[in-house]
Every structure is written in C-alpha cells, then in structure tokens.
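Protein sequence lines, in the order shown, are assigned to chains A and B. Following this note's numbering, the numbering of the first sequence begins with 1 at its first residue and continues without gaps. Following this note's numbering, the numbering of the second sequence begins with 1 at its first residue and continues without gaps.
Treat the hints with care, since some could be wrong.
[Claimed, not checked] Label pairs and their computed distance ranges (CB to CB):
1. G53/B / L84/A: 44 to 50 angstroms
2. E61/A / V60/B: 28 to 34 angstroms
3. P9/A / V60/B: 35 to 41 angstroms
4. E52/B / G100/A: 15 to 21 angstroms
5. T3/A / P61/B: 16 to 22 angstroms
6. P118/A / E52/B: 47 to 53 angstroms
7. G100/A / M41/B: 22 to 28 angstroms
8. M11/A / A56/B: 45 to 51 angstroms
9. T5/A / V88/B: 39 to 45 angstroms
10. G77/B / T27/A: 28 to 34 angstroms
11. T15/B / E61/A: 40 to 46 angstroms
12. T20/B / G100/A: 38 to 44 angstroms
13. S42/A / G51/B: 27 to 33 angstroms
14. M11/A / P61/B: 32 to 38 angstroms
[Stated by the list, open to error] Dumping the calculated DSS-like pairs for lysine-lysine here, alpha-carbon to alpha-carbon at most 25 angstroms:
15. K70/B / K9/B
16. K55/A / K70/A
17. K78/A / K117/A
18. K9/B / K78/A
19. K100/B / K71/B
20. K100/B / K70/A
21. K55/A / K9/B
22. K70/B / K100/B
23. K73/A / K70/B
24. K70/B / K57/B
25. K71/B / K9/B
26. K57/B / K9/B
Rather than coming from a laboratory, the hints here were simulated on the basis of the structure. Keep in mind it's a predicted model, so treat the numbers as computed, not measured. Even for Gly, the Cβ is constructed at its ideal location relative to N, Cα and C.
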Amino acid sequence: AQTVTQSQPEMSVQEAETVTLSCTYDTSESDYYLFWYKQPPSRQMILVIRQEAYKQQNATENRFSVNFQKAAKSFSLKISDSQLGDAAMYFCAYRSASMGNQGGKLIFGQGTELSVKP
Amino acid sequence: NAGVTQTPKFRVLKTGQSMTLLCAQDMNHEYMYWYRQDPGMGLRLIHYSVGEGTTAKGEVPDGYNVSRLKKQNFLLGLESAAPSQTSVYFCASSYSTGRKTQYFGPGTRLLVL
C-alpha cells in the first residue's frame with residue numbers, strides 16, 4: 001500500500017521569503033502522480049501543483065515549484081516570495097496512474113500548517 | 001460554472017439519527033469520491049463511484065452508504081450516526097484518467113453528539 005508522510009506539522013516564513021515544505025512517499029509503482037493541495041481556513045481544497053512521475057523536469061506554477069526526487073521518493077514544495085495569502089494547511093498527495101486502485105483515489109499526507117509573518 | 005457543490009454546509013446530529021449528504025458536479029466527470037478529514041490527518045476515502053449506478057468501498061466505509069443514481073450526483077448516507085463520525089466530509093470528482101486532478105467541494109462539517 002502507498003503511504004505519504006509530511007514530517008513538518010507546522011512551518012513559519014517571513015513575508016517575501018522562501019519556504020520549503022517536505023513530503024516523502026512510499027510506493028512500489030513506477031507510474032503515478034503527485035500533488036500539493038492548499039487548504040485555507042475556508043476548508044476549500046485548492047490544487048497548487050502537480051507532478052507526473054515519468055517527467056524528470058520539476059513542475060513550476062508561478063511562485064510555486066517542486067523538487068521531485070523519484071529515487072529518494074521525495075516531493076518537496078518551494079514557495080518563493082511568500083505572501084500573507086499563502087498561509088494555509090498544505091497537503092501532499094499521491095495518486096496511482098492505475099485508476100483500478102480504488103478509482104484513482106488520492107492518498108494524503110498529514111498536512112503542514114504554514115504561517116506567514118508580516 | 002458551479003464545479004462541485006455540497007449540501008448541507010454544517011449539520012449537528014444526535015447519536016442514532018440518520019442523514020444524507022448531497023454532492024453535485026456539473027463538469028460531466030465520470031468518477032466521484034467521498035472523503036472524510038479528521039484533525040491531524042489528511043483526507044481518507046470513504047466510498048467512490050466510477051460511473052452512474054456504480055459504487056465501491058474505500059478505506060473507511062463502515063457506517064456509511066452511498067448511491068449514484070445520476071451521473072452528476074453522489075449521495076453519502078449515515079443510517080445511525082455515531083460520535084466517531086464527527087468530521088469534515090469532502091466530495092470530489094474527476095475524469096477517468098489519473099493525470100486529471102480531482103476537484104473538491106467546499107466540505108460539510110458534521111457534529112454528532
């Protein structure tokens with residue numbers, strides 16, 4: 001069974017600085033997808049960024065980028081030029097490429113609460 | 001474009017009462033999911049559906065039932081609520097390929113006393 005681990009329950013960053021959130025996962029599959037979701041106080045789950053395991057190039061979305069290390073099974077999220085609106089819970093998630101695995105369910109880590117100081 | 005909507009947003013139940021949570025999506029997605037989120041944990045899959053008229057169990061299905069009579073709707077039922085079912089419930093939907101992300105509803109907060 002696949003597992004996702006986020007070892008940092010809380011992180012803090014100064015506004016305009018850079019912060020990196022860690023995520024490791026365990027799987028025996030070779031084809032899968034990894035995601036970072038943001039959950040602000042409104043509880044809405046918002047997709048931040050996605051990475052396909054078969055792509056070596058790290059995904060980027062504006063101020064958000066990932067460091068995907070497939071051999072190490074590591075998937076960290078870097079937030080550059082942090083803004084007050086980035087404060088939220090961040091979840092790392094895994095999805096098998098095989099939709100036969102419980103309908104392609106997302107497997108989530110425990111989350112990292114990010115606070116941004118002005 | 002409403003995306004994924006959930007009804008109700010918040011509900012308080014007494015132990016033993018029943019209720020149904022409604023999820024609706026307007027993106028013509030084949031797959032739909034129900035997750036629950038508990039403090040200090042990520043979301044866990046309760047049940048899912050890969051198409052109209054189909055349902056299947058996820059990781060934590062006990063105490064819940066689901067139905068998908070129409071493609072756009074996915075209902076989650078609690079026949080006899082227990083305090084352990086106090087949680088935030090999220091519905092999600094997606095296309096039938098893993099590359100496509102799941103779109104989430106705003107969540108339903110349920111308190112069972």
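To see whether the hints hold, each was checked on the structure:
The hinted window of 44 to 50 angstroms between G53/B and L84/A holds, with their beta carbons roughly 46 angstroms apart. At roughly 31 angstroms, the beta carbons of E61/A and V60/B sit within the given window of 28 to 34 angstroms. Taking the beta carbon of each, P9/A and V60/B are about 22 angstroms apart, not inside 35 to 41 angstroms as hinted. Range check, E52/B to G100/A: Cβ separation about 19 angstroms, and the 15 to 21 angstroms hint holds.
A hinted range of 16 to 22 angstroms for the beta carbons of T3/A and P61/B is consistent with their spacing of about 19 angstroms. As the Cβ distance of P118/A to E52/B is approximately 49 angstroms, the hint placing it in 47 to 53 angstroms holds. Between G100/A and M41/B, the C-beta spacing of about 25 angstroms keeps the proposed range 22 to 28 angstroms intact. The hinted window of 45 to 51 angstroms between M11/A and A56/B is violated, with their beta carbons roughly 36 angstroms apart.
Restraint check, T5/A to V88/B: a C-beta distance of roughly 22 angstroms breaks the suggested window 39 to 45 angstroms. Under the hint 28 to 34 angstroms, the C-beta atoms of G77/B and T27/A, about 33 angstroms apart, fit the expected range. Between T15/B and E61/A the CB atoms are about 45 angstroms apart, so this pair conforms to the stated range of 40 to 46 angstroms. Checked against the hint of 38 to 44 angstroms, the C-beta distance between T20/B and G100/A comes to roughly 28 angstroms, which is inconsistent with it.
At roughly 31 angstroms, the beta carbons of S42/A and G51/B sit within the given window of 27 to 33 angstroms. Against the hinted window of 32 to 38 angstroms, the Cβ-Cβ separation of M11/A and P61/B comes to about 33 angstroms, which satisfies the hint. At roughly 21 angstroms between alpha-carbon atoms, K70/B and K9/B fall within 25 angstroms of each other, so this suggested pair holds. Taking the CA atoms of K55/A and K70/A, the gap is near 10 angstroms; set against the 25 angstroms cutoff, the hint holds.
Between the alpha carbons of K78/A and K117/A the distance comes to roughly 17 angstroms, so the proposed pair stays at or under 25 angstroms and holds. For a cut-off of 25 angstroms, the pair hint linking K9/B to K78/A is broken: about 32 angstroms separates their Cα positions. With a CA separation close to 18 angstroms, the supplied pair K100/B and K71/B stays within the 25 angstroms bound. Between K100/B and K70/A, the direct Cα distance comes to roughly 20 angstroms. Compliance with the 25 angstroms bound is thereby established for this hinted pair.
Of the supplied pair hints, the one linking K55/A and K9/B is violated, its CA atoms being roughly 39 angstroms apart against a limit of 25 angstroms. Between K70/B and K100/B the CA atoms are separated by roughly 22 angstroms; this keeps the pair inside 25 angstroms, and the hint holds. Between K73/A and K70/B, the direct Cα distance comes to roughly 39 angstroms. Violation of the 25 angstroms bound is thereby established for this hinted pair. Distance hint between K70/B and K57/B is fulfilled; the C-alpha atoms sit about 18 angstroms from each other, no more than 25 angstroms.
In summary, the hint linking K71/B to K9/B is supported, as the alpha carbons are separated by about 22 angstroms, within the 25 angstroms threshold. For the hint pairing K57/B with K9/B, the CA-to-CA distance comes to about 24 angstroms; that is within 25 angstroms, so the pair holds.
Consistency with the previously given hints fails for numbers 3, 8, 9, 12, 18, 21, 23, ordered from lowest to highest.
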